[in-house]
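*Asks:* Could you put the whole structure together from the sequences, leaning on the hints where they help?
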Amino acid sequence: MRTPLCKLLQMLQLALVCAVVAVAGSAGEQADEQDVVCEVLETGASDCFPRVFVPTNGFQRVRKGQVVPKGLHIRLDWQTGQREAKLVDADGDGDKPATSSDAVVVRLPDTSDPLADEPQADEPQADEQPQTAQLTSIAQESAGLPHQQAASLAQILDGMAHANTTSLASTLAFLQDVVDHVDYGADLLKSEAAVTVMVRLMSDPSDTGSNSLSLQAAHVLGTALSNNRVAQERAAQYGLVAKLWRLVEQQAHHRHRYLFTFGALVRSNPTAIREFVLAADGLDRMASLYTLESDSRVRRRLLALFGDLLDPSMTASGDDGDGGGGGGGTDGKSIVGGVEAAVVDRWCGISREAQQDDSLADDAAHALEILEQHGHCKRG
851 MRTPLCKLLQ MLQLALVCAV VAVAGSAGEQ ADEQDVVCEV LETGASDCFP
901 RVFVPTNGFQ RVRKGQVVPK GLHIRLDWQT GQREAKLVDA DGDGDKPATS
951 SDAVVVRLPD TSDPLADEPQ ADEPQADEQP QTAQLTSIAQ ESAGLPHQQA
1001 ASLAQILDGM AHANTTSLAS TLAFLQDVVD HVDYGADLLK SEAAVTVMVR
1051 LMSDPSDTGS NSLSLQAAHV LGTALSNNRV AQERAAQYGL VAKLWRLVEQ
1101 QAHHRHRYLF TFGALVRSNP TAIREFVLAA DGLDRMASLY TLESDSRVRR
1151 RLLALFGDLL DPSMTASGDD GDGGGGGGGT DGKSIVGGVE AAVVDRWCGI
1201 SREAQQDDSL ADDAAHALEI LEQHGHCKRG
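Count the sequence shown with our numbering and you get residues 851 to 1230, in order.
The hints are simulated quantities; they were obtained by calculation from the structure and are not laboratory data.
The beta-carbon is built from N, C-alpha and C at its ideal position, and this holds for glycine as well.
Check the hints yourself; a few may be wrong.
[Unchecked claim] Using C-beta positions, here's what the derived DEER-type ranges look like:
hint: 1; residue 1: Val917; residue 2: Gly1089; range: 34 to 44 Å
hint: 2; residue 1: Gln1100; residue 2: Val918; range: 36 to 46 Å
hint: 3; residue 1: Ser1146; residue 2: Leu922; range: 39 to 49 Å
hint: 4; residue 1: Ser1138; residue 2: Ser1056; range: 22 to 32 Å
hint: 5; residue 1: Ala1092; residue 2: Thr906; range: 42 to 52 Å
hint: 6; residue 1: Leu1128; residue 2: His1012; range: 32 to 42 Å
hint: 7; residue 1: Arg1135; residue 2: Asp1207; range: 14 to 24 Å
hint: 8; residue 1: Val918; residue 2: Thr1015; range: 15 to 25 Å
[Unchecked claim] Computed cross-link-like contacts, SDA-like style, restricted to lysine to any residue with a CA-CA straight-line distance of at most 25 Å:
hint: 9; residue 1: Lys1228; residue 2: Ala1192
hint: 10; residue 1: Lys1040; residue 2: Arg1050
hint: 11; residue 1: Lys1093; residue 2: Thr1015
hint: 12; residue 1: Lys1040; residue 2: Gly1113
hint: 13; residue 1: Lys1093; residue 2: Thr1058
hint: 14; residue 1: Lys914; residue 2: Gln1026
hint: 15; residue 1: Lys914; residue 2: Phe899
hint: 16; residue 1: Lys936; residue 2: Arg911
hint: 17; residue 1: Lys1040; residue 2: Gln1087
*Replies:* Okay, here's the thing in structure tokens:
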């Protein structure tokens, strides 16, 4: 016979087990909620899906808000402007020809975006018309081989000339994930159609939004040019030094972002530095822009760019002799030597004054250090 004490202990044990189960269930529900994204449809119903994209052997639409794991086979649907993804087939995805209903495909490399503060693309707007111009030749689905990737990317880039706003937004968002790979960045600058479209987008004075196509184009182009000598050399054929600097001067609403793109073109690019500084009076034009500008972000980028243009470590050409534009190196001292003394003195004054501003002090100190190394801005 069980005593009242035994019965009481059994009841306590049962209560404890129930409490543990309830806590575990609550924690599981919270974890599930954190791993799920829900949207409210026009009908009022909820449409929920995993926050992390779950790949299968067949293509599935990547939903807005989903995180896509690295290493998947991803394609861009030109008609809908949406991304689709699946697992990479063990046999390399086959070699079957693509049909007119297939999307142009590029397998994304395992890279990360170096500029987290730069603009990201909006989702395509529902009221935009679908793309009417179809590509006459559709690339085969990428099997992960370099020549197939390049062929697919070339199709995407050349297709930009016929794309509408929806397709351009999707394409630019796609390229942001690709062009920081050095080969893809060089491929971008191989496409006259893509470069022409990006400069046109950046030239639109009405596109002033914080997440506009012009900013997306500037980010993609700047990322492709950054530390990419082949891309920088190919840029020369389009006259981008003059075009991008003109955009910096004219487009005040995006000036600090356009300076990123321009800086990516000229840094460590002796040919572009000579063209801008010596042939286009670049340092004088930079000084005039700095004087007129009140945005500290723009002033900081101008100071940093000025120092880099004269820094020997930034301006020395490579030892292969084919990328320096006319042979021989380009150092800061030779650059300063070709600039009028009044312009150099102007930058001495700008740099000294900027040292009094905490947000500009570091870049100003670097600019003064470089100028003093070349025998300028001496005190006393």
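*Asks:* If a hint holds in the structure, say so; if it doesn't, say that too.
*Replies:* Cross-check of the supplied hints:
The hinted range of 34 to 44 Å is satisfied by Val917 and Gly1089, whose Cβ atoms lie roughly 40 Å apart. Taken as a hint, the range 36 to 46 Å holds for the pair Gln1100 and Val918, whose Cβ atoms sit roughly 37 Å apart. A C-beta distance of roughly 41 Å is found between Ser1146 and Leu922, which places it inside the suggested range of 39 to 49 Å. Checked against the hint of 22 to 32 Å, the pair Ser1138 and Ser1056 passes, with Cβ atoms roughly 26 Å apart.
Taking the beta carbon of each, Ala1092 and Thr906 are about 50 Å apart, inside 42 to 52 Å as hinted. Between Leu1128 and His1012 the beta carbons are some 39 Å apart, a value that agrees with the proposed interval 32 to 42 Å. Checked against the given bound of 14 to 24 Å, the beta carbons of Arg1135 and Asp1207, roughly 22 Å apart, stay inside it. At roughly 24 Å, the beta carbons of Val918 and Thr1015 sit within the given window of 15 to 25 Å.
For a cut-off of 25 Å, the pair hint linking Lys1228 to Ala1192 stands: about 15 Å separates their Cα positions. Between the alpha carbons of Lys1040 and Arg1050 the distance comes to roughly 17 Å, so the proposed pair stays at or under 25 Å and holds. At most 25 Å may separate the alpha-carbon atoms for a hinted pair to count; Lys1093 and Thr1015 meet this at roughly 23 Å. Restraint check for Lys1040 and Gly1113: satisfied, since their Cα atoms lie roughly 20 Å apart, inside the 25 Å limit.
Simply put, Lys1093 and Thr1058 have alpha-carbon atoms about 19 Å apart, close enough for the 25 Å limit, and the pair holds. Restraint check: the Cα-Cα separation between Lys914 and Gln1026 comes to about 17 Å, which is no more than 25 Å; the hinted pair holds. Taken as a hint, the Lys914 and Phe899 pair is honoured in the structure, with Cα atoms around 10 Å apart against an allowance of 25 Å. A C-alpha spacing of about 9 Å is found between Lys936 and Arg911, which places the hinted pair at or below 25 Å, so the restraint holds.
Straight-line distance between C-alpha atoms of Lys1040 and Gln1087 comes to about 10 Å, which keeps the hinted pair within the 25 Å bound.
Every hint from the earlier list agrees with this structure, and none is contradicted.
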